[in-house]
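Chains as they are written, first to last, in my numbering: chain A, 1 to 348; chain B, 1 to 348; chain C, 1 to 348; chain D, 1 to 348.
The list cannot tell twin chains apart, which means a pair is met if one copy fits it or any two copies do.
Computed list of lysine to aspartate or glutamate pairs in DMTMM-like fashion (alpha-carbon distance at most 25 Å, straight line):
{"id": "1", "residue 1": "Lys-6", "residue 2": "Glu-61"}
{"id": "2", "residue 1": "Lys-245", "residue 2": "Asp-310"}
{"id": "3", "residue 1": "Lys-245", "residue 2": "Glu-75"}
{"id": "4", "residue 1": "Lys-22", "residue 2": "Glu-57"}
{"id": "5", "residue 1": "Lys-22", "residue 2": "Asp-11"}
Bear in mind the hints are in silico, worked out from the structure with no lab data behind them.
4 protein chains.
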Amino acid sequence: MLVVMKHNAADEHVAEVVRVIKDMGYDARPIPGGQRTAVGLIGNDGRVDAGRLQGLEGVREVIPVTQAYKQVSREWKEDDTLVSLPNGTVVGGSDLVVMAGPCSVEGESVLIDIAHQLKEMGATILRGGAFKPRSSPYSFQGLGEEGLRYLARAREETGMAVVTEALDPAGVQLVAEYADILQIGARNMQNYPLLREVGRAGKPVLLKRGMSATIEEFLLAAEYILAEGNDDVILCERGVRSFAKHTRNLLDLAAIPVVKSLSHLPIIADPSHGTGLRSKVIPMGRAAVAAGADGLMIEVHHDPPRALSDGAQSLYPEQFGEMMSQIRVIAQAIGRDLAAPLRPAVTR
Amino acid sequence: MLVVMKHNAADEHVAEVVRVIKDMGYDARPIPGGQRTAVGLIGNDGRVDAGRLQGLEGVREVIPVTQAYKQVSREWKEDDTLVSLPNGTVVGGSDLVVMAGPCSVEGESVLIDIAHQLKEMGATILRGGAFKPRSSPYSFQGLGEEGLRYLARAREETGMAVVTEALDPAGVQLVAEYADILQIGARNMQNYPLLREVGRAGKPVLLKRGMSATIEEFLLAAEYILAEGNDDVILCERGVRSFAKHTRNLLDLAAIPVVKSLSHLPIIADPSHGTGLRSKVIPMGRAAVAAGADGLMIEVHHDPPRALSDGAQSLYPEQFGEMMSQIRVIAQAIGRDLAAPLRPAVTR
Amino acid sequence: MLVVMKHNAADEHVAEVVRVIKDMGYDARPIPGGQRTAVGLIGNDGRVDAGRLQGLEGVREVIPVTQAYKQVSREWKEDDTLVSLPNGTVVGGSDLVVMAGPCSVEGESVLIDIAHQLKEMGATILRGGAFKPRSSPYSFQGLGEEGLRYLARAREETGMAVVTEALDPAGVQLVAEYADILQIGARNMQNYPLLREVGRAGKPVLLKRGMSATIEEFLLAAEYILAEGNDDVILCERGVRSFAKHTRNLLDLAAIPVVKSLSHLPIIADPSHGTGLRSKVIPMGRAAVAAGADGLMIEVHHDPPRALSDGAQSLYPEQFGEMMSQIRVIAQAIGRDLAAPLRPAVTR
Amino acid sequence: MLVVMKHNAADEHVAEVVRVIKDMGYDARPIPGGQRTAVGLIGNDGRVDAGRLQGLEGVREVIPVTQAYKQVSREWKEDDTLVSLPNGTVVGGSDLVVMAGPCSVEGESVLIDIAHQLKEMGATILRGGAFKPRSSPYSFQGLGEEGLRYLARAREETGMAVVTEALDPAGVQLVAEYADILQIGARNMQNYPLLREVGRAGKPVLLKRGMSATIEEFLLAAEYILAEGNDDVILCERGVRSFAKHTRNLLDLAAIPVVKSLSHLPIIADPSHGTGLRSKVIPMGRAAVAAGADGLMIEVHHDPPRALSDGAQSLYPEQFGEMMSQIRVIAQAIGRDLAAPLRPAVTR
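So here's chain A without its partners, still in its complex pose (with noise of 0.2 Å):
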């Protein structure tokens, strides 16, 4: 439930609405606004009498959130949100932001080298995982703080921001305190408890979509991020669980508008996992983008036949710059642009 202030409500006004919604139980979060402020109640499941809110003073309306989430909700927050990182990228706004980079960090050089590349052509922020969730446990599960130092490297060198995985609710701190984001993977979509606590983290998070996962599943897992306070959640559709077989995962575009519709927060699409095959990587990022992704997340590798996780499915170097000017043209099409390339190397 949201009470919406009228324009010229003082903040005392909003003070006693938020003392009354506590009162009555729930929690109370105050969302300045451009042109008005409004108060948002939760913690309710059901029905809340919302007659003793209509009465008091500076109130405009109080408007029932009808989906199960709430702060996601478009009709909690009408604009847009934007995320903002560090080298200045943001992600939301009418410019596409490209993450790429290696499935696993392997090494440190290797990974400055194919960052350096990566940027050349007009990535902004660098992917790479450090803690790597397998199906089986004797495969090679990442190096671990060793990957998230080497991708700290790789950030000093180009000015890249850096998203990589948390994998457990305990090692989320350690992952702050080299990523620029936070990624919580599709087997761990509705893992609650690693939600909550990256919601508590202070960075933004890039959420993907579970395997199997409906739009409102995937909204109300962003919800557990958000009710924790931490607004800045970017969506990522990267396929779902299908009887087909000829892609390793059914990449969902028609998720992106669904969500632009339904809620405020940004999306980037996935073709890499989406599609599982370098060849169909390219033709499926154009097409996201022209669906109305956010962005993309690639995987690149210097040789994908000797990668270490995903290789079937990592682009060479040569195929994601062909890949960039493709989609910088698709982005126009529609009025829209690739975000500017990062300046050469901010120091040293």
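Position chains B, C and D relative to chain A; hints supplied.
This is chains B, C and D only, laid out in the frame that chain A set:
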């Protein structure tokens, strides 16, 4: 299996290859090509001894076709198939074609009115169901032959080509008298007697992917049509069944580049059935074009809320116009274009 | 909509209700019952004004039928439908029936041999495909009418009833001359002209669930047959498409009790297609019986590794015998039984 | 890879095999068996050179384990795993076990009351959620440690064993202090840090299949637990996501015999989550037993319409009693039985 002849092979050499194949108990199909002739061997489920063919005069090589489908495969025919329609429209070339119109034909004058508008906006093929497959026996089943006559009248008036669905083998002849393209709906993708019949009807066929068809099953269904000697098949991705219900079907755009690499047949997308939601048709139409579709099939109705079927997914004519502008720039961005609009009605 | 007559309503009252319904522009269908007669109103998609009917003499109440399907619903007919076959077998009563035989009819003597064995073990209905729908046009398509003749011979020899598939409307008449039950395969569940044709053929119909059909679509497909006046429909759960590939299809046994509560039609299960794995047919056959199925359809072949189709899922005759013993005890455990074995061949 | 020792191999031969495996860079795990000892080689992703092992004294043969999962496979261990609980209940033997109780623990006295009833009716394990994973952050999340205490009290009163869910690695220790079996929910099937943690907690684990997990992924998740040295894993089929919505999930009973042939671990079924419908729990419970399940997990609530979670799928206690009678006869029909009811409370 494909017997590729040498550049300078004489007609008699080709004839001898055909003779030997028949002698071996299979069917032979000569496929003349720009640079070389090939002879396809069909009717074999498994292994064939190639030795006898390899030694014949004029034979360059014998290529096993490894997929269950043969004549639809790129191995069988490398060049893209172009399907040419009487009104000059070509499907499968560098220009995208748009098929548009109401879900069901509902009346003559409204059909002709909307056809004029669609043509004006750049559609060159008119769609409209005269025979409708409906889940319930009590739903509107289409106007039947009367609907076909209206479609023919709209063609005369506008110069557009006409695509409409045939529901059973017995009805193919009738539909073929009126239509330029025979449509096979998703529910009938594995209706083999129907596929054989349209394979013999002498008209191009639009084959929609079944609700839960794999790409192999889809191509094998097309193979039934080619096996009858009809190569003019246009495939159509229209979404598949999934656990998710935010759209009516899950539009599988990755099927487009996947089919393009496996087959020489053109493939279009139907974002109207693929989403079931008017507001998602334009972004997904754009995405399909960006993914490499050879065209789109779009439901447009002059008054969607009053449509006898599929109103919720039908565009208003103005929206269709907007979509055409948007997909034109996307097409140009990837080095293609929209088919040129038809000239003002042929006269009469 | 269902008009329920009073206990003592006269025939003329029923006739008047029929007259008024027709006058309102709908079709009327009197349904005599043990305790009361009802008149079904069909052909309405949405709301009908019941006022005019409620006031007629002899009318007890007017019941809206809320589902899209009507005649197949429990609301329309409360008692279980019993489908009686010429050889005395009844499908849908307390005794379970077993349909068994090879996937395809391959030869006369092997068919008759296996029929004798199956009958001996308790099957009362012989299955076998004469017309086979195959994904590839180059696969064995069945023996056609010759296969039908072999089935008829096996019936003469054993007294078993015969179930076999009809593939297209034009072929229904021919199949109906030989078969006791006309089978509609999963690929044809929404082949409406075919459903209508078997609805008029005067023989019981076995309708298999489509590969990705919802229960509503399944029942609506049956409604097409009942709408033509044929109430003798046996439904068959045979597994649906899913992401999981450990079985050929995912046998949805919960569909059995769900259908039983929504509809009066009998429903059997096909664990052969439902699993695609010989070793899983027996446990899933047992499970289907425990879930409440009215019978089973089982593929049995005298030499599975040499079967022309579906060998991997066909039981050896000994395994079939073992399955029969096991399902008999399960049936008895839930207060049912297997249908009594047929007596030794009727004569000759 | 599995090194099988000769019948009469000495301990020192086994020790030498272990030493060589470690020398090769892998981990070794001796597996004493009734007739022979084997040594498992773990930690290899792909090919290992067996030559060096084959030649060692006392080695009979070296068996490659072909699946990605190793210790959970039948190749690794042929005999069924029996999981023994402190109250004498054994899971995985010929007697079926039933776990029953409310979805969430809601209060102490109602829990103890229902536990008494369930025990009376033959359940030997009490289920009840203290920590609940909920799609919405605003839904009831369970009573936490208070709920655990109530469960422990119910155990003291009735002698039943207790199974309850652990949600995150940090909470495992706490849950393990109270529970006899640690449950991993479907949403956490691929939460690897959690799997590792329960693998080290020294208590049996109930692992539920993920919503769209393949059988291979399911077994690999179990492998994570065994890889930590905990062999007491009970698998649970609880339905998967599908396009069909007539039940909450699609209960995949064929997974039971499939898992049984691939793995030595016991597997039970949860028809409550598997259907989501009270009226379908009994028939599907029967079917699961007929399919070969080693037990059932059932939600029972003293007042389902007032349950704080999952009321629609919870049985009334009387229905549970009815189910127990029905599954007992099914179990006996296939040569098994229900576990004997616990004796009246152990006293205190």
